[in-house]
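Asks: Keeping their order, the protein sequence lines are chains A and B. Residue 1 is where the first sequence starts when you use my numbering, and the numbers rise one by one after that. Residue 1001 is where the second sequence starts when you use my numbering, and the numbers rise one by one after that.
If you are wondering where the hints come from, they were derived from the structure by calculation, not from laboratory data. Where hints are given, some of them may not hold.
Said to hold, decoys possible - Below, computed lysine-lysine pairings styled on DSS-like, alpha-carbon distance capped at 30 Å:
{"#": "1", "chain 1": "B", "residue 1": "K1007", "chain 2": "B", "residue 2": "K1088"}
{"#": "2", "chain 1": "B", "residue 1": "K1144", "chain 2": "B", "residue 2": "K1224"}
{"#": "3", "chain 1": "A", "residue 1": "K85", "chain 2": "B", "residue 2": "K1008"}
{"#": "4", "chain 1": "B", "residue 1": "K1007", "chain 2": "A", "residue 2": "K85"}
{"#": "5", "chain 1": "B", "residue 1": "K1013", "chain 2": "A", "residue 2": "K89"}
{"#": "6", "chain 1": "B", "residue 1": "K1084", "chain 2": "A", "residue 2": "K85"}
{"#": "7", "chain 1": "A", "residue 1": "K83", "chain 2": "B", "residue 2": "K1013"}
{"#": "8", "chain 1": "A", "residue 1": "K83", "chain 2": "B", "residue 2": "K1084"}
{"#": "9", "chain 1": "A", "residue 1": "K184", "chain 2": "A", "residue 2": "K161"}
{"#": "10", "chain 1": "B", "residue 1": "K1088", "chain 2": "A", "residue 2": "K85"}
{"#": "11", "chain 1": "A", "residue 1": "K82", "chain 2": "B", "residue 2": "K1084"}
{"#": "12", "chain 1": "B", "residue 1": "K1208", "chain 2": "B", "residue 2": "K1144"}
{"#": "13", "chain 1": "B", "residue 1": "K1171", "chain 2": "B", "residue 2": "K1193"}
{"#": "14", "chain 1": "B", "residue 1": "K1144", "chain 2": "B", "residue 2": "K1219"}
{"#": "15", "chain 1": "B", "residue 1": "K1084", "chain 2": "A", "residue 2": "K89"}
{"#": "16", "chain 1": "A", "residue 1": "K89", "chain 2": "B", "residue 2": "K1137"}
{"#": "17", "chain 1": "B", "residue 1": "K1219", "chain 2": "B", "residue 2": "K1208"}
{"#": "18", "chain 1": "B", "residue 1": "K1013", "chain 2": "A", "residue 2": "K85"}
{"#": "19", "chain 1": "A", "residue 1": "K89", "chain 2": "A", "residue 2": "K68"}
{"#": "20", "chain 1": "B", "residue 1": "K1137", "chain 2": "A", "residue 2": "K85"}
{"#": "21", "chain 1": "B", "residue 1": "K1193", "chain 2": "B", "residue 2": "K1208"}
{"#": "22", "chain 1": "A", "residue 1": "K83", "chain 2": "A", "residue 2": "K184"}
{"#": "23", "chain 1": "B", "residue 1": "K1137", "chain 2": "A", "residue 2": "K83"}
{"#": "24", "chain 1": "A", "residue 1": "K68", "chain 2": "B", "residue 2": "K1013"}
{"#": "25", "chain 1": "B", "residue 1": "K1013", "chain 2": "A", "residue 2": "K82"}
{"#": "26", "chain 1": "B", "residue 1": "K1173", "chain 2": "B", "residue 2": "K1144"}
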Amino acid sequence: MDAEPLKRFLKTEGATLVGIGDVTAALSSEIIHLRRGIAIAVNRNLNRETVDQLIRLQALAEGWLRAKGYRSLSIPADSDRKKDKMITKLYKLFCHKTAATCSGLGWVGKNGLLINREYGSKLSWATVLTNAPFRADAPTSQSECGDCDLCVRHCPSGAVKGEHWTLADPLKEIVSYEKCRALKTRRISHSSKPNCGFCITVCPYSRNGNNHGTT
Amino acid sequence: MADEARKKEIYEKLRNGVIQYDEDACREGAQEALDAGLDANEAIFDGLVSGMEEVGRLFEAQEYFVPEILMCADALYAGLDILKPHCKQMDLGVRGSVVIGTVEGDVHDIGKNLVKMMFDVAGFHVYDLGRDVPLDKFVDEQLKTDSELVCLSAMMTTSMVGMPTVIEKIKAKNPDCMIMIGGAPTSKDLADKWGADGYAEDASNALKEAIKMVGFLKKLRDEKLNKK
Ligand code: B12
Ligand code: B12
Ligand code: SF4
Ligand code: SF4
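Pulled out of the complex, with its shape left as it was, chain B reads as follows:
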């Protein structure tokens, strides 16, 4: 096991690799993290994702433009490709399936992909619809797969307004399905207002919420069955 200083050094390398869009540094950092026996999940979030958060700030400060952002995302994925297979599979005793996607008009999918990854390692079956997903596609896919959970991601104030429509349609067709929303402009308040069952501000909390929700749903279903 690596000591704290070494760990910090590696996370810093991953973080800076993303910020300086240095794919090689991210690959090296990821390998070093594995060699040092660090937790892959932690390396992803405290290293790579923390770098992408800084990139977001640089973009807003107009220090970075679209080409830099895309190169930063490539660097993040270069590290992620190495770390992802080593994320500990968690057996949480809950099994379920999830439909996930970024809503229509929105191509931001880095955050959505991280949430998806958390579901993958937790043993959920994930149906990933990708990004810029037509609203009705969520409804259809939920019905087709009978998934317990639908996760909607939006990164723009202009695209998140499609969420209440999806929520309403899914609830009308299948009231037993749980819906969770997320992405920077969304909030717990909006989730409540739009009738979503859950909200989380980041990927690890998204998983925690999901487990709670699916567990709750299973209990409900079992109770229903027992009554019959």
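Just chain A, same shape as in the assembly:
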């Protein structure tokens, strides 16, 4: 089944990138029937309006699929916003970066973030899982960070280890989230932006002359 019509539709509705990944390898038994991940990205910082925009795009995708008789499950951009729901338990079973790498929209950089060749790691992501038998896009199998190690050197907490990600060993620990989180906890008391995010801002892919507004 051809996914182009859905991709085109979501892009006219404001998506920057849309990819279809075969995510079978990353599915647990509860969601094993939803073998395609629709990775949706918008070129904006993750804030309230961005989350709302992603929710809207996901709802459009789900409506499109439902009209054709397919199942779907939206993994929200920010699962923390729906803490007290039962369905929330399933969200942590699936990671947006997985859908993105599987649909060839980027690799996991040394900074642990999804890096897209054109937009770097400043995209905000959301995923819709579905059983629609879409032809999947070719996955990204390798990191394209190369010799660069800017994020390793600039991370103030020493969390970025400098490892290369590959699709063959996708779960290797690349960033020590312990360390990143510990720094965030320390900064929370005196900073309105506790996530320092240097690993994003320093990355050359994220600075490629793109207009990453704060809006």
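Guided by the hints, dock chain B with the ligands onto chain A, whose structure is given.
Replies: Coordinates of chain B with the ligands only, in the frame set by chain A:
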């Protein structure tokens, strides 16, 4: 008071809201039920719960999978949150306390929560241990709270086998406590076989049974006291 047709329409909306995992429809339906002056309790059971029963069938027919089930449960709770505060408090003249929970190895708690709700509105004091409750926890909590009643819920044939152990342990420590079991795979026969004092197939019958049991227990205790 709403006429029959309107009532049916609202219950149907609640039922379909659960089946189609439409939280908004459940919220609207619940509000409409209240606005129309319908009985909140009836709206819960003839609307929301009847929908969840259909969901159970769809799951067994493999029409629905785990994500749908969870979304249906969220829709049920969305309606329940609105209706629950309006359930008529019943003064049944019986007061007592109940320990309730779903047994170890079992995370199904929708049915247990409905039973709990019935106890709440009837004025019982409820100690809810939640789900996947270690068997000994029931025994300890009963002793700690001196509750008249312990209610065990199980939804799986694999988890219900823990029930006789709990029953035996509680009876050994406190023979004066009443135990009731429930949940889809259990039955009156199993309750009898395992030495439970009661069984009920749904939440309203669970309450009726409980009142009978607690009343009986109170009488027993009074008689004992009078003899002294
Ligand atoms: C620290 C953190 C950040 C830091 C990241 C620092 C860094 N250098 O990585 C900052 C603040 C920058 C950040 C940003 C974002 N974050 Co963040 N972040 C976290 C946090 C707190 C900890 C992360 C963690 O422990 N991850 C666990 C590790 C094991 O997984 P991972 O590295 O994320 O992902 C692995 C898999 O995707 C796997 N993988 C990749 N491809 C494939 C393919 C296959 C087949 C398989 C099997 C696996 C696989 O490889 C990755 C690396 O090992 C969590 C919240 C939490 N408490 O967990 C949120 C969290 C991970 N973030 C989340 C999100 C959504 C984001 C953003 C994508 C926001 C957005 N929508 O734009 C951005 C990322 C932007 C980007 N381009 O990648 C979500 C992810 C939800 C999900 N289902 O995936 C979480 C869970 C928060 C939440 N509750 O919503 N984040
Ligand atoms: C919802 C559901 C889930 C949800 C649970 C969410 C939650 N928090 O409760 C989720 C998706 C998490 C789930 C998971 C699983 N489930 Co499930 N699930 C169901 C389902 C579809 C509906 C249950 C339900 O809520 N019914 C609605 C409520 C209102 O009814 P009720 O629970 O029967 O309660 C009423 C009465 O029984 C009674 N009652 C209940 N408790 C008590 C207690 C007392 C004291 C009394 C007096 C009365 C009483 O009053 C209630 C109200 O009137 C049933 C199918 C079915 N037809 O029942 C399967 C079912 C129970 N699940 C099943 C299985 C196998 C599983 C899983 C193992 C995974 C799987 N293969 O899908 C896991 C188990 C995880 C675990 N360790 O527990 C099987 C159990 C088979 C068995 N071994 O016996 C069933 C029967 C489906 C099937 N045929 O395969 N499930
Ligand atoms: S957010 Fe800051 S501390 Fe965390 S990994 Fe990035 S640079 Fe390091
Ligand atoms: S800064 Fe360099 S090493 Fe780090 S993620 Fe970006 S490209 Fe990769």
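Asks: Determine which of the earlier numbered hints do not hold for this structure and return their numbers in increasing order.
Replies: none
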